[in-house]
Structure formats: C-alpha cells, structure tokens
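In order, the protein sequence lines correspond to chains A and B. All residue numbers for the first sequence refer to UniProt numbering, where the first residue is 1 and numbers rise by one. All residue numbers for the second sequence refer to UniProt numbering, where the first residue is 1 and numbers rise by one.
In short, the hints are calculated from the structure, not lab data. Among the hints, a few may not be true.
Since the list gives no way to pick one copy over another, a pair counts as held whenever it fits inside one copy or between any two copies.
Said to hold, decoys possible - Calculated pairs, DSSO-like style, for lysine-lysine (alpha carbon to alpha carbon, straight line, at most 27 Å): (1) K165 x K105; (2) K20 x K10; (3) K105 x K166; (4) K105 x K10; (5) K5 x K166; (6) K5 x K165; (7) K105 x K5; (8) K10 x K165; (9) K166 x K10; (10) K165 x K20.
Please read these numbers as outputs of a predicted model, since none were measured by experiment.
Each chain, written out:
There are 2 protein chains.
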Amino acid sequence: MGRMKTYPDKAEALLAALRKLPSIGPRSAERILLFLLDQDRAPAQTLAVALEEALRHVGFCERCGFFSEGPLCTICQDAMRDRSLLCVVARRQDVLRLEQSGRFKGLYHVLGQRLSPLQGIGPQELPVGPLLARLQKERPAEVILALGSDAEGHTTALYLAPLIKKQGIRTSLLAVGLPAGTGLEYADSVTLGYAFSGRQEI
Amino acid sequence: MGRMKTYPDKAEALLAALRKLPSIGPRSAERILLFLLDQDRAPAQTLAVALEEALRHVGFCERCGFFSEGPLCTICQDAMRDRSLLCVVARRQDVLRLEQSGRFKGLYHVLGQRLSPLQGIGPQELPVGPLLARLQKERPAEVILALGSDAEGHTTALYLAPLIKKQGIRTSLLAVGLPAGTGLEYADSVTLGYAFSGRQEI
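Using the sequences provided together with the hints, build the complete structure.
Spelled out as structure tokens, the structure:
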C-alpha cells in the first residue's frame, strides 16, 4: 500500500506556508515549492536569508508608521523635508507611491485604517488619537488627506477634517479628476463630475 | 530632498528575492512583502521556519530521485510496493501525480530531464547512466515510460526504449487517448488518432 500521497512532511509544511501568502493559488504554491527545493538551493537560501534579515531589521517608524530599520524612518530623519506639511495616508505602500511621484516634500502619517462600515471599522477602530497627538506636538501648517477617492477614503476624510481643523490646522484633500495623459473616454461620470467642480482657470 | 524612493534596504532585498520566484509578478511580490512585514509577523515567522526546515531536511532519494527526508524516500522504503514494476517519469512532481491517481503500486525513477533539441538537451545531457545501472541491479520485469505525450516525452521514450529492451526488460508507454469523463469535442485530432490506434475490444 502506497502511503506517499504527499511530499515529505517538511516540504508539505513549506507548501502550506506558501499557500497562505496573498495572490498565490495552490498551483503557484506547488510551482514555487518545486523551485525552492530543486537541486540548486541557492535561490531558496537567498530567500531564507532575506526573510530572516527583513524580519529582524525592518520595523515601523515610531513617528509616521512607515517601514524603518531604526526608530525613525529616513523621511522623518531627513532635515530637508518640509515640516509644515503633513500628508495622511491609509497604508504604508501609499507613502512609497507618493514618494515616487516626487511631488511632495513634507512628512507623512500612516493611519493604517480607513472607516469602512462594511468591514466593521467605525470611528472607534480608527487610530485617530496618535494622529491628533502628533498634530498638537508638531503643529504643521497644513494636513493633506490622501486617503483615496473611493467611498472609504471620502468618509474617512470627512470624519477627520473637522477634528484637524479644530486644532487650527488647514486641511486639504488630493484633487480628484481626469487621470493624466488620457482622453475623456477613460474617465467615468463620477470622476468627470469631480473634474468639472474642481476645474481651474488657465 | 527625499531619498526614500524605495522601501528600507532589507525590505528591498526581500522584495528582490520574492520577485525571483516563479509565477510571481512585481505586483504580487510587493503584495507578499507588505503581508510578510505587516504588524502581525506570525505568518512570516511560520514561513521562515518552514523554509529553513525544508532546506535542512528535504533532499532527494538516492535510489529514485524523488524528495526524501532520509537517504531513501518512503516509496522506495515501502516493502509493500511491487518491485517488478518501475515507472520512469521526467520530474519529481510527476511521482506525486501518479501516486494520487492510486493506480500504480511499483517503484519510480525520476529522470530529471527529457530530450529537447530546442532547449539544447540532447542524448549527452540525458541522465541515462544511473537509470541503466539501476535496471541492471534491480532487474524489474517491466519499465513503464511515463514521460508525457508531447514531442519531448515521445522523443525521450523512443530514445530510451531500445536501451532498456537491450537489457531484456519489457518496456511500455502510458496510453494516449481521450481524457476520462469528456466528450469527443474536448479531444484534439492528434489525441483522437491515438485513441483510435490504441482502441481496445470490449
């Protein structure tokens, strides 16, 4: 009787861990397993070391919440950044997107959550306290809410804006409008509505 | 001036290692990175341990070439397997597929390569020596070539068959025909041709 209906235990354990990763289906997980446990173990060793090192050294900036290898991230440490501007984003990766646009030279604050009644995230779950405490301490001239132009982003911005303005800090939202470099045919009617109401004289 | 156009170095190193995995594109790699370096580090720790353990303990069976945590895999060690039948497959995962079908109770031999002129794999590159030495030693009654019904599989089988038969060992190929449980409309004409020539009286 053949007992071997699976890979060896340690290989199955690795397969199970791979299957839990986002955007990896069962077939991809097996393809990755076979790649990692192939004759040439160098790529797997590289991955193992990279994973250990990242887990050991990459934490979160205690001021803004972005990834950092020390207590403060390189942005918060950078003396050249404009400390009068604070951009509030929902997720860590949003910091990188905005940095890559090269258009913002202020500081960031990673909120970590957005209001989402559907996912059971109400005002109680929103980590507003640390943001308000930071504003009170750092007193930026303006807070830019960059929380996304979807329902969650708008709702969260509408909730936060009065709390920030109460501290006497100017509060703004990223513009919603036509994506750059496309014709009108690529914009939905809601976006077109925002593009109209946000139109600027030239 | 903002220097932060990337994640911290150790995070970028992990991202680079993830990008080298098969079936993972740049977007998936970033999604996995953010998942692994999220506040909850438990899934990443589990993956790190599973990877280390698999690399340390999972090797290859010195007889058949399948994955094994010891010198011999559980199939080769299993006294209940029919040692008169040897099934030659191209890749390790093929062993698992055949085991899962539950229809074969003999032993396996993982060839590791198939003839493929397009990929520069000629008879010199085919690891035939270990197979022929094993046959000479173990003297199975029959060798079943399960190398696939594509061009590489056929070419490899046609090359191996005379070498095996020269040792006085019966040699067979897996049947090519209609996939089970489908209508004729799902079989291409080449498959239909094989299904005709391999027809069996009922």
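Which of the numbered hints are not met once you compare them with the structure shown? 5, 6, 8, 9 and 10
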